[in-house]
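Participant: Given next are the chains, with one letter for each unit.
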Amino acid sequence: MSSIDNKPASAWFNSDSRRLIIQEYGIFFAFLLLAVILSLSNEYFLTPGNISNVLLQTSINGVLAIGMTFVILTRGIDLSVGSVVALAGIVSASFATTSATAGIAGGPYPFYVALAIGILVGLACGALVGLIVSRFAVPAFVATLGMLSAARGATLIYGGGKPVPALTPEFRWIGTGNILGIPMPVILLAIVFAVSWWVLTRTRFGRYIYAVGGNPHAAKTSGINVFRMKFSVYVISGGLSGLAGMMLSARTGSALPQAGIAYELDAIAAVVIGGTSLSGGVGRVTGTLIGALIIGVMNNGLDLMGIQSYYQQVLKGALIVGAVMLDQKRNQGL
Amino acid sequence: MQPLLKVEGLMKSFGGVAALRDGRFELEGGSVHALCGGNGAGKSTFLSILMGIHRRDGGKIWRRGELVEFNSPAEALASGIAIIEQELSPVPHMTVAENIYLGREPSARFGGIDFKTMNRDAQALLDRLEFNIRASQYMMNLSVAQMQLVEIAKALSHDAEVIFMDEPTSAIGEKEAQQLFATIARLKAEGKGVVYVSHRLSEIFQIADSYTVFRDGSYVGSGRLADIDRPGLIHMIVGRALGEEYIKTNAPTNITAFEVSGLTAPGKIEDISFAVRKGEIFGIYGLMGSGRTEIFNCLFGLDKASKGGVQLDGRAISVRTPADAMKQGIAFVTEDRKVTGLNLSDSVRNNICLASLPEMSPSFTMRRRDEQAASREMIAHFGIKAARDTMPVSGLSGGNQQKVVLGKWFLRKPKVLLLDEPTRGVDVGAKREIYRIICDFAAEGGTVVMISSEIDEVLGMSDRILVMRGGRSAGIYAREETDAQSLVHLST
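For the protein sequence lines, the chains are V and Y, in the order given.
Note that the working numbering numbers the first sequence so that position 177 is 177, with each residue one more than the last.
The number in the working numbering is simply the position in the second sequence, starting from 1, with 334 added.
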């Protein structure tokens with residue numbers, strides 16, 4: 001985006017610009033195409049109610065995928081997000097439940113206390129993973145695979161394997177409430193997206209992330225603290241997982257120990273469909289948002305068409321692989 | 335006699351841009367032929383067509399008088415054309431013999447591999463070539479120079495008659511290069527044709543018999559090296575008279591700016607001391623692995639020194655991280671721009687700004703105007719040829735990429751410039767511009783420490799030269815009191 005605004009209009013249609021447009025907006029066109037096809041094939045698809053529904057369903061995966069984008073941009077991966085969703089969800093819920101048996105003594109606490117605790121749990125999980133990846137040079141895949149298992153176990157230990165029910169209405173508001181008719185989860189996603197977009201495109205921190213992912217050696221010799229950057233992205237992903245965990249439990253009204261299973265896969269899928277390279281340094285959070293929307297719209301559209309969810313999984317798999325195949329082709333062919 | 339290889343009117347375009355317009359070439363058996371040209375002259379395209387990697391758009395290729403066309407590297411190899419690539423890609427966890435016979439292993443019973451025969455044949459081949467390499471060694475335990483020799487053995491095991499070598503000395507030391515040249519002489523004596531591609535003119539004059547020059551994708555001329563001198567060849571490559579290759583415009587002052595004393599990193603360098611004055615270009619010469627780069631790594635905080643002190647402007651400084659070094663006004667242009675210098679997936683502008691981000695974002699948010707201005711300034715100052723500064727830096731030629739790295743560090747207005755092989759893989763024209771930039775920097779009172787394994791460069795640019803041998807200093811010499819022979823002698 002920065003590359004287009006300061007260029008004379010006459011240069012717009014040389015092959016370089018064309019390539020740029022396709023690269024930057026190709027995923028957006030794909031999304032529009034999908035939406036057009038679905039709206040033509042089902043009259044219910046474009047109704048405000050359904051659009052709001054799609055956005056609502058996309059919001060949790062969107063928040064996770066945005067965190068995942070930070071990690072993947074530095075050549076990492078975070079497999080632990082689904083488990084952190086469950087852990088943060090259940091810990092925060094124990095501060096916001098009216099149930100005497102499942103709650104913390106003295107509860108329910110005000111919703112902002114529970115909210116802060118949920119985020120802190122996510123940040124702490126992320127910090128631990130970040131420390132292991134950056135300081136002890138454990139591959140991200142392994143470190144986060146460990147956290148995937150450990151955080152799930154911690155969730156079961158914490159809640160004794162039982163759900164935490166009966167959350168306070170104030171806490172539930174972040175999942176079920178709305179402002180001016182816009183559901184809270186959608187607003188939260190919009191805020192997370194806007195801040196992340198600003199950080200990645202406009203700040204020093206964002207530049208560092210791209211540099212570390214693009215070439216860690218060059219980043220190091222340019223005086224960038226590569227350890228700190230790698231640590232930071234896992235903290236970000238952890239914190240956003242914590243937020244997503246609370247969005248989930250607030251929406252359903254209770255925190256389940258088996259919440260968030262396999263959520264990491266949808267988050268990675270959204271990032272990959274959005275055009276971010278798994279080899280790091282290339283990608284943008286806008287693409288990730290659209291990637292998450294494509295997954296959401298596809299699921300919704302197939303639901304509307306009455307296609308079984310089993311088939312949806314097959315199609316999603318094909319979509320992920322197809323998106324990357326197109327990406328490879330595009331990078332070679334143009 | 336038919337030439338081993340003859341090419342006429344070879345053409346190739348990539349996406350409408352002509353990389354090769356008129357490639358012409360003729361190789362005689364029993365000769366070494368130098369293929370010369372600047373970055374972007376079309377040499378790489380020429381090689382990749384002959385190797386069957388790219389399809390040509392037009393032109394003819396004769397192999398011993400027969401018209402040929404290659405659709406894959408395997409077909410080129412079957413016709414007796416092999417290439418020793420600049421960046422070797424051996425299978426590190428396999429033995430030398432397995433690498434040589436990769437894909438055509440002699441088979442034993444039950445579809446297994448007859449390792450005994452394979453090792454015996456490989457060893458016989460290596461012995462015949464007088465390479466001191468065991469066929470049962472693992473590839474990863476070999477030096478780069480040895481891997482090259484294995485590649486040559488592999489080419490000969492395919493009965494190759496035409497052997498291309500693309501910048502074979504760019505990653506090996508002087509002594510190993512001499513061994514390679516001896517091998518090339520042997521190949522020549524056996525009647526093979528060797529095509530030698532290199533930016534290093536002194537090597538070309540040492541080993542080649544004839545030359546062909548490409549410029550801007552077209553054939554410029556060819557002939558016998560005995561009939562041309564160095565300035566004449568440079569003139570053909572660059573397309574204009576360059577005059578003197580090395581022009582020194584700096585004059586060292588008497589003020590000591592940068593002093594290193596007793597620098598030691600166990601197993602790497604031992605007791606290195608030198609003092610560089612303001613306005614001086616201080617050269618460091620040594621073979622690969624002699625500890626040259628390790629000195630810079632310690633000075634720049636990329637590696638830890640166990641002992642030793644560094645003084646800048648008479649003040650002791652402590653450097654633990656690259657950021658510390660940068661704060662003190664030290665800049666480090668690293669050896670391999672692709673590995674440690676550039677973020678290839680990012681734009682020219684962002685690469686130029688990469689080492690100055692904190693200065694351009696005093697309040698965390700990037701100041702885009704500052705970035706644009708900085709990038710514009712450096713592109714103009716270094717004459718970087720890029721269509722737009724937002725284009726990916728990977729699209730630039732080697733010389734321009736190197737200037738981007740220089741620009742990144744000059745933007746910080748350093749006091750001390752550490753240069754590690756500043757002109758590796760850069761063509762003659764860009765080299766000269768880089769020399770000019772370095773001289774100007776020193777002439778304006780900067781301090782330069784420069785590592786180079788090119789003797790001409792070290793002798794041509796430096797005021798004084800530190801010779802490294804086995805991690806230790808073999809002495810510091812003024813440029814007037816030393817010459818190429820004594821440098822080679824001291825370093826080995």
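It is possible that some hints are incorrect.
Claimed, not checked - Listed next, the stretches of chain V that the computed footprint assigns to chain Y, with coverage defined by at least 3 CB atoms under 8 Å from CB atoms of chain Y: (1) 197-204; (2) 207-219.
Stated by the list, open to error - From chain Y, some residues computed to sit far from chain V (all C-beta separations above 10 Å): (3) Asn453; (4) Val554; (5) Glu604; (6) Asp605; (7) Ala657; (8) Gly675; (9) Asp680; (10) Met694; (11) Thr699; (12) Asp761; (13) Ala808; (14) Glu814.
Said to hold, decoys possible - Pulled a few chain Y residues facing chain V out of the computed Cβ check, cut under 7 Å: (15) Ile447; (16) Thr451; (17) Ile651; (18) Val653; (19) Pro656; (20) Gln662; (21) Thr668; (22) Asn677; (23) Leu688; (24) Ala689; (25) Leu691.
Hints were generated in silico from the structure; no laboratory data involved.
Only a predicted model underlies this, so the values are computations on that prediction, with no experimental measurement involved.
Where a beta carbon is used, it is the ideal one built from N, C-alpha and C, also for glycine.
Participant: For the restraint on Gln662 of chain Y, tell me whether the closest CB of chain V is nearer than 7 Å.
Facilitator: violated, 11 Å
Participant: Any CB of chain V closer than 7 Å to the CB of Leu688 of chain Y?
Facilitator: holds, 5 Å
Participant: Please check whether the beta-carbon of Thr699 of chain Y is more than 10 Å away from every beta-carbon in chain V.
Facilitator: violated, 5 Å
Participant: If we take the beta carbon of Asp680 of chain Y, is the closest beta carbon in chain V still more than 10 Å away?
Facilitator: Nearest chain V Cβ is 5 Å from Asp680 of chain Y, so the label is violated.
Participant: Against chain V, run the beta carbon of Ile651 of chain Y and see if the smallest gap drops under 7 Å.
Facilitator: It is violated, given that the least Cβ distance between Ile651 of chain Y and chain V is near 15 Å, above 7 Å.
Participant: Please verify that the nearest CB of chain V lies beyond 10 Å from Gly675 of chain Y's CB.
Facilitator: Not fine: 6 Å to the nearest Cβ puts Gly675 of chain Y too close to chain V.
Participant: Hey, is Val554 of chain Y genuinely clear of chain V, shortest beta carbon separation above 10 Å?
Facilitator: holds, 29 Å
Participant: Return the status of the interface hint for Thr668 of chain Y: holds when the least beta-carbon distance to chain V is below 7 Å, violated otherwise.
Facilitator: holds, 6 Å
Participant: Take the shortest C-beta to C-beta distance between Thr451 of chain Y and chain V; is it under 7 Å?
Facilitator: It is violated, given that the least Cβ distance between Thr451 of chain Y and chain V is near 40 Å, above 7 Å.
Participant: Minimum C-beta separation from Glu814 of chain Y to chain V exceeding 10 Å: can you confirm that?
Facilitator: The claim holds: Glu814 of chain Y sits with its nearest Cβ about 34 Å from chain V, beyond 10 Å.
Participant: At 10 Å, judged by beta carbons, does Asp761 of chain Y keep clear of chain V as stated?
Facilitator: holds, 23 Å
Participant: The stretch 207-219 of chain V covered by chain Y? Criterion: 3 or more residues, Cβ-Cβ distance below 8 Å.
Facilitator: It holds, with 9 qualifying residues against the three required.
In summary, the structure is inconsistent with hints 7, 8, 9, 10, 11, 15, 16, 17, 18, 20 from the numbered list given earlier, while agreeing with the others.
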